[in-house]
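J.: So the sequence lines, in the order shown, correspond to chains C and L. Every number in this note's numbering is 930 more than the matching position in the first sequence, counting from 1. Every number in this note's numbering is 305 more than the matching position in the second sequence, counting from 1.
Don't take each hint at face value.
Listed below are the simulated DMTMM-like cross-link pairs for lysine to aspartate or glutamate, each with C-alpha atoms no more than 25 Å apart in a straight line [to be verified]:
no.	chain 1	residue 1	chain 2	residue 2
1	L	408	L	567
2	C	996	L	523
3	L	653	C	1029
4	L	596	C	1025
5	L	610	L	567
Hints listed in this document are in silico derivations from the structure and should not be mistaken for laboratory results.
Residues per chain are reported as follows:
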Amino acid sequence: MASYKLDQSVKYAKSHEWARVDDDIVVVGVSDYAQDALSDVVYVDLPEVGDTVTAGKQAATVESVKAAEDVLAPVSGEVVEVNSALEDTPEIVNERPYDAWFFKVKPSNLEADLAALMTPAEYDKFVEELE
Amino acid sequence: MLQRTPLYETHVAMGGRMVEFAGYELPVQYPTGPTAEHHAVRTAAGLFDIDHMGQFELAGPDADACLQQLQVWDIRQMQLGDAHYSVLCYDDGTVVDDIFLYKLGGRWLVIVNAANRAKDWAWIEHHLHGYDAALIDRSDELAMLALQGPQAEQILQKLTDYPLHTVATRTAIETDIGGQYVIAGRTGYTGEDGFELYVPTEGVVDFWKLLLTTGQADGLLACGLAARDSLRFEACMPLYGHELGPTINPLEARLGWTMSWEKSFIGREALLKVKLEKPARVLVGLEMVEKAVPREHYDVAVNGKIVGYVTSGMKSPTLDKFLAMAYVPAEYSALGTKLDVIVRGQPKAAVVVKRPFYKPKYK
């Protein structure tokens, strides 16, 4: 496959979301590998501010020219902000996947949830084995 | 075992993302991406490997009489070099396949869908009985490419002395292009001007590369199946397995314009009955009022009751709207009718709009 970029400042889920801890908030997006596999993104269906999300459960949907895919919450908690810019310019998910955050979560079980995610090196190996 | 076209290695070398389609391994996109490939065809030009399509030849003293009966279009109106879209129907009026006919010197070229190649072959063979005509499968000898877009003529003209501006839409020529014998039809499946090119298989890899090099300065991009689908979708051209199939008749699919009622053809009686009674369901164009991506098989509902289904849907790259084609009961088919498309369990408002979404730009 095409080579993909890793962001060293985030942790990764097996379902290809990234989680970036920013003070007491977790920012969530999808990895470069994921956006490449999705092909051109045309729409994102975001959660509502105030929604409770659960680690490993669907929180948003990303729609590409190919298909609609679930975006799972990498950590549990309450949605405190959503990136409504994605509604009008979903293509930034393809262009800058580590800037194109989907939503921010105030985590309720941060340490355990983070421990279950992969480091960049682990994710790199994980993706390599998928190929 | 999946089949490959002669260009398989070329696609892989170009970074084409290979997927299964109708029993073939074909590129769904190149690294440029489907959206860029789509826009290239609307604004410049795109090159497609469409060799998965079947190419049959029908010849012999009774070829005309047989073909006239086999399909719905009246071929007596066709002159040498003419090309036309048509439909093969079963006796009950449902669709065997949609096809493209070329009237060439001493023979007909019949282009069929890849998924239906074996079925069509058997069906045509069966109906040849009693006619002095022969069906020959040219699919292995001829490779099929599509060069589509407003720059297509200009690019192709660099490779031939034949005055291409004299080739009218829906006609074909047999000539030398880039040092090869080519059948070039001014036809396509994108809603743009362009050509479909039939090239001897042994020369197609070189021909593909020559076209890409020649067209580079004019913005020509190699395009995959995803762009082919979004282009035909905007122009509301049916795709077998979506808008057409063995449980759909061509009047429901709004292909009444292809039917020549004044002649005999298989399925005519059943279809004439449908025509007089009006089809109970019809294909409509939908535009989403609420943002959502309508996709194939999604339900269409009115006041919570499911009344139809989406056959194809997407975000239109050219029009930047969420659009769908759907089968709905005739009573909900009027322009402006409000319907819902059920997207992941949620009704999303849509409205019936005019088809085609994108008006084809032919020369």
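J.: Find the hints from earlier in the document that the structure breaks and name them by number, from lowest to highest.
T.: 2, 3, 5
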